[in-house]
Amino acid sequence: MGQWNGYLIFIAALGCVFFFSAIGALYWAVRHGEFKKLEKTSRQIFDEEEPEGVHTDFFPGEADKMRRKLARSRKPEKAGHHTQD
Amino acid sequence: MSPLLSFFSSIDPRPKPGVPLKVQLSQIDREMRVPIVLFVVSAILWLQAGTVFALIASIKLHNPEFLGNVEWLTFGRARSAHLNAMAFGWGNNAIFAVSLWIMARLCKVSVKHGGLLVVAGAFWNVGVTAGVIGILTGGLTSVEWLEMPPQVAPLLAISFILVAVWGVIMFRYRALGHVYVSQWYILGALFWFPWLYVIAQTMILWLPARGTVQAITNWWFGHNVLGLWLTPMGLASIYYFLPKVLGRPIHSYYLSVLGFWSLALFYNWAGVHHLIGGPIPVWLVSAGIVGSIMMVIPVVVTAINHHMTAAGNWRAVWCSPTLRFIVFGGMSYTLASLAGSAMALRDINVITHFTQFTVGHAHHGVYAFFTMTMFGGIYFMMPRILNREWPSAALIRTHFWCAAIGITIMLVVLHAGGWIQGEMMTALDADGKPKYAFLEIVTALVPWLFSRSISGMLLSIGHLAFLVNFFWMLAGRKGDQDGPTLLADPNEEDVR
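Chains as they are written, first to last, in this note's numbering: chain A, 1487 to 1571; chain B, 1166 to 1661.
Read the hints as simulated data drawn from the structure, not as lab findings. Ideal Cβ positions, reconstructed from N, Cα and C, are used throughout, including at glycine. Don't take each hint at face value.
As the list claims (entries may be wrong) - The calculated lysine-lysine pairs, modelled on DSS-like cross-linking and capped at a C-alpha distance of 30 Å, are: (1) A:K1526 x B:K1187; (2) B:K1181 x B:K1277; (3) B:K1187 x A:K1551; (4) B:K1187 x B:K1277; (5) A:K1526 x B:K1181; (6) A:K1555 x B:K1187; (7) A:K1522 x B:K1187; (8) B:K1181 x A:K1523; (9) B:K1600 x A:K1523.
As the list claims (entries may be wrong) - Here are some, though not all, of the chain B residues that point toward chain A, as calculated from beta-carbon distances under 10 Å: (10) S1191; (11) L1352; (12) W1385; (13) V1422.
Let the sequences and hints guide you as you build the complete structure.
Written out as structure tokens, the structure is:
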């Protein structure tokens, strides 16, 4: 019985360390301003090679056709955008 | 310069100042090419091996005499070989490839000493091979998710640490800017998995705890492999590829961060729900149930976020091989997780426990969510790594449809068959005695299990299409159109 409890406490302690390491990381994130300017962070995945607003993945050999199709389907959103046809 | 200092400066993966971003990115891809190709090749080969074991195990459930006189392939061994080949062979290799690449891209640093990653990959695969052979020859342990003989654990642990260290080095030297949510998920998972693995190995196999504590540790580990290893890596891929391919940022970055932190805080507690009704303290089970239900928060938050990002762009999703898989994976994550939370409730668990329903749920999470997102990630990553287009659109479509239809059939039949199985096992007659004999229940399951084998065959066809397309690409066949479309100038549509 004694050993049983010992292990149970060990597991509970591990769970707490797990939990508090997450709390620690959260604290670090808050201190480092990770929760400010969220919109800017969300754009970090784009770069000059694959910029925002450009679809970057197509079935092989269908890129040109699909790009034109996508551009046509998006046209109503962009009022004043030059026509492509 | 002292040797120590020169070592540290040699692992500094930051690009030299003044190098244009475009050059940096292609440099990252070039330096990661060999290790990533090694990981993806191993992953795909393990996927095929795991599929063969799966089919053997599945057929044996409705035709027990199938390969009945081969001692290496009894149901127990084939099933465990399947699980370990898929989880540690396919899953981990795919994760190493996709997550390291995403990490490098987001940190804008590359891998120095990539040869060490190759060594880590080689050791990892030797370890898993030895482990699977150990299982097939009867050296398996009776611990679910840790069936490989414990002797291979140090090998796996060392090679994992080698891989994880590179992830951490990249993060340490990341370019200025905030940490993107995918980086959070990957970093968290790289930290959680070795912890889980080492503790479980120690407490169950090396210095075994006694009695039911082993079972508690087992399910703390087993469920967290799904929740704190496969899930964060799948979500990291979705959060990277979904907005990246669509070319529009995630709907609400705030929600994505909230999702990560609530997963980090709640998931760890959920595993004990596997022991509902077992001989362990009730408060522990209750804590596990609370943790499981709390998971509804990150799941719903993530689901809303993914849906709102993709909403209105369904045509764009459909024309991208990556997003077909990624969005299928994202939708499955929502459904599988909500079902999982429901299954942690005692009233539902009493029916689903010990039935095929649980098997269906496991495939919902690991295949329909995790594996599909990894497929998507590999479809996006490989053309950029190899500077070459996928050779066949038809093979990608075959892969997608076989995987999507196959796994949908499998989920329907296992959930339905499992529920019927559970109802029959718990049904009582007027005297309070079991209403059905065990054999009647087994017989009632046969059509469902047979259908599951059919769905498995569909998945196998998909996996073969993936294998052929991948090695075809690796062998260097150029796309038949005007060069690698994915790498063409994205602005050329405006010129036309």
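### Query
Which of the listed hints are broken here?
Hint 9 contradicted; others consistent.
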